[in-house]
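Participant: Single-letter residue listing:
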Amino acid sequence: MSKSPLPGRPETVYYFPTCLVDLFYPEAGMAGIELLQRAGTNVVMPDRQSCCGQPARNCGYYEEARAVARTQLAAFPKDWPIVVPSGSCAGMMKKHYPELFAGQPELPKIQAFCDRVFELTWFLVHVMDIKLVDKGEPVKVTWHGSCHSMREMGVIEEPKDLLRSLANVTLVEAEYEKECCGFGGTFSVRLPEVSGAMVTDKVSNIVATGATEVVSGDMGCMMNISGAMKKAKAPVKGRHIAEFLLERIGKGDA
Amino acid sequence: MAQISHDFEHAAIKALGNKQLRTNFRRVMTGLINKRAALFPDPDELQALRARGAAIKDRALAKLPDLLVQLEQNLIANGFHVHWAESVDEGNKIILDILRKANARTIIKGKSMVSEEMHFNHFLEENGVQALESDLGEYIIQLAGEGPSHIVMPAIHKNKDEIGRLFQEKIAGQPYTEDPDELTDAARRVLRQLFANADCGFSGVNFAAADTGSLVLMSNEGNGRMSTHLPSMHIALMGVEKVIERLEDVAPLISLACRSATGQAITTYVNIISGPRRGNEKDGPKEVHLVLLDNGRTKIYNDPELRQGLRCIRCAACMNHCPVYTRIGGHAYQYTYPGPIGEILNPQMQGIEKAGDVLHASSLCGRCSEVCPVKIPLAELIVRLRREAIRPAGTAVKGGGSRNSSVENVVWFGWKTMYASPLLYRWGTWWLRKIGNLLPSGIPLLKQWTSVRSKPQFASRSIYDLARERGIRDE
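Residue numbers (my numbering), protein chains in the order written: chain A, 133 to 386; chain B, 623 to 1097.
Where hints are given, some of them may not hold.
Residues of chain A clear of chain B, computed beta-carbon distances all greater than 10 Å [claimed, not checked]:
| id | residue |
| --- | --- |
| 1 | G140 |
| 2 | V153 |
| 3 | D247 |
| 4 | V259 |
| 5 | D293 |
Here are the computed lysine-lysine pairs in the DSS-like style, where the Cα-Cα straight-line distance is at most 25 Å [to be verified]:
| id | chain 1 | residue 1 | chain 2 | residue 2 |
| --- | --- | --- | --- | --- |
| 6 | A | K310 | B | K997 |
| 7 | A | K292 | A | K267 |
| 8 | A | K369 | B | K1069 |
| 9 | A | K362 | A | K272 |
| 10 | A | K310 | A | K383 |
| 11 | B | K641 | A | K365 |
Which residues of chain B face chain A? A few of them, derived with a C-beta cut under 7 Å, are [to be verified]:
| id | residue |
| --- | --- |
| 12 | H703 |
| 13 | R933 |
| 14 | Y1086 |
Simulated from the structure, these hints should not be mistaken for lab results. Where a beta carbon is used, it is the ideal one built from N, C-alpha and C, also for glycine.
Use the sequences and the hints to build the structure in full.
Facilitator: Below, the structure is given as structure tokens:
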């Protein structure tokens, strides 16, 4: 994923649940915390954090994005890894903060911060070396990889490997799996017709797999896909991969 | 507040409604994506070649002013006539003058996107010169009175039955057929006549090598070679960014361009044109002209970040892989270049006030940047231009600041105020949780969202509250 040094299994990690998870899907965020704990690390979630700033940055509002990014910088003072259950928000912090702060006095500090940012599934696989024991019934699922997770964070096979490691889970690939779902943050409301066409296609491809569930590592995509599946009354459930994995290994089980 | 036109959006919506167009584009783009992937089986080789391609173009761009001087000198030494045009109008005028001097009334054209930039055919027609396209795709759209919808395959939006009807209507004595071979034969019969009789041949340029003073032209149909060799005069047209330092730089660029564009190892024809016929040679044009067009390229060049866009070798991989382009096709983009590269070039060439709409034709999925053979960070440049559209960093981009909207400024100011303050964030999200689910679906933003999706439900509790309750520390 990155050139930053791979941390050893840390005693403690920071958690950045993202604003979207806080507002709409807190249980998905909590599942990520429990997975990290079960993999053997303490989790600290500072409540002085808010949003990575991506919406403003993507629209060209750099000054506003920087102001919000500075709040995040202040919220994670210790040098622990910062784990994010979203490839997109992680990508914003890791890949775009340096460009956002180009020419700003705090740039050196920013680089150190960026090096500490990790996407959840990547961190579980490569740093925590998590082992999952499937306790669930046989189920067929499909995966949606977020664009930023794949293309900014280089997280492609890790979440799918986690799904494949579950004995009773059959992972099926949807056609055009790696194509954008049409969310794109403000794109979905700025160009709603095109975004709508994209998510409608995405849902058809998911339904065609015959999977009963679609999982993703990004709730932005999931809000889009699940919303479209619900509106179309598609017989598929959408969830964050952390929630799905936790259910498979038994939530609350030690 | 700036006047914002929504031409792009209207055209996109119209295109989305055209089922056949969507099916055509999806099928063809998927085919191209697969063909490209098959020709880059080794990811390490692909990355090494991309790095090499980008480095060649960067090296050339770094020395661009010097290379252009060198190119001109070597072209002149090879017997070319060289002309410089700053604007589209100047370019058209220069070419018209050349044609008039030679008393040329018909020209036969190979494919040239720069000539599309100049609305060249239309200009010539107004001035009594007939310009005929010889690339099959270009020939088809010229008959149909349309512009290209793709920079490599200009008629890709047309079905074979549409082409069959078009040929039946426009080519004398041509019966209706859907057979691609018969259709190609019909076009060939017409074009052969034109190649033999046209007063002047015309072509674009893929690469111009400064060290040898030669023009490199890739083509699959042979029309490029016939347009440039059969008529007694040849006029070539290129953007100034097409110059490269050495002829030997061409090989990796051709490999990248062909594999990225059509999934071919190499095009059927690669022409290296090094001047008019010499001495007692029996063929080739007697007179060769090269027109170099700026049309905003120097302005792009002067900004080190935006300059990366000038690496483009026009392979179209960015549009082939673009989920937006795939759904709306090329015409919706309104100006010469469609897809992600068009989102970069059109606003800079036309001005953001005029062509800035397309800056929002991207979900920033990053697939364009991922496949670009010369590593243009297209998604990053789109964001850069979105910045320029609202708050220009200088005078880098034409029409910078023209999309600044007081309404959006207020929205983002409010957003920043709430999200930059942990206290206001907690307070604001508390209210959103209280009232968010009561908001009617008809209000702006939710209305757009719920057109194909259900309304998202705000959670009753914050993750921060849940976490404290479950013993997660906050420091």
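Participant: If a hint holds in the structure, say so; if it doesn't, say that too.
Facilitator: Hint-by-hint comparison with the structure:
With a least beta-carbon separation of about 21 Å from chain B, G140 (chain A) lies farther than 10 Å from that chain, consistent with its non-interface assignment. At roughly 6 Å, the least C-beta separation between V153 (chain A) and chain B is not larger than 10 Å, which violates its mark as non-interface. Chain B leaves D247 (chain A) outside its interface by the beta-carbon criterion, the shortest separation being 20 Å against a cut-off of 10 Å. Interface exclusion of V259 (chain A) from chain B stands, the closest Cβ pair being 19 Å apart, more than 10 Å.
The claim that D293 (chain A) is not at the interface with chain B holds, since no C-beta of that chain comes within 10 Å of its own (minimum 18 Å). Proximity of K310 (chain A) to K997 (chain B) is assessed by CA-CA distance (about 20 Å); at most 25 Å being required, the pair is judged to hold. Only pairs whose Cα atoms come within 25 Å are accepted, and K292 (chain A) paired with K267 (chain A) is accepted, the gap being roughly 18 Å. The suggested pairing of K369 (chain A) with K1069 (chain B) holds, with an alpha-carbon distance near 24 Å, which does not exceed 25 Å.
Between the alpha carbons of K362 (chain A) and K272 (chain A) the distance comes to roughly 19 Å, so the proposed pair stays at or under 25 Å and holds. Restraint check: the Cα-Cα separation between K310 (chain A) and K383 (chain A) comes to about 30 Å, which exceeds 25 Å; the hinted pair is violated. A hinted pair counts as satisfied when its Cα atoms are at most 25 Å apart, and K641 (chain B) with K365 (chain A) qualifies at roughly 23 Å. This hint is violated: H703 (chain B) has a C-beta 44 Å from the nearest C-beta of chain A, more than the 7 Å allowed.
A distance limit of 7 Å between C-beta atoms decides the matter here; for R933 (chain B) the minimum to chain A is near 19 Å, and the interface restraint is violated. Annotation: interface hint on Y1086 (chain B) holds; nearest CB of chain A at approximately 4 Å, less than 7 Å.
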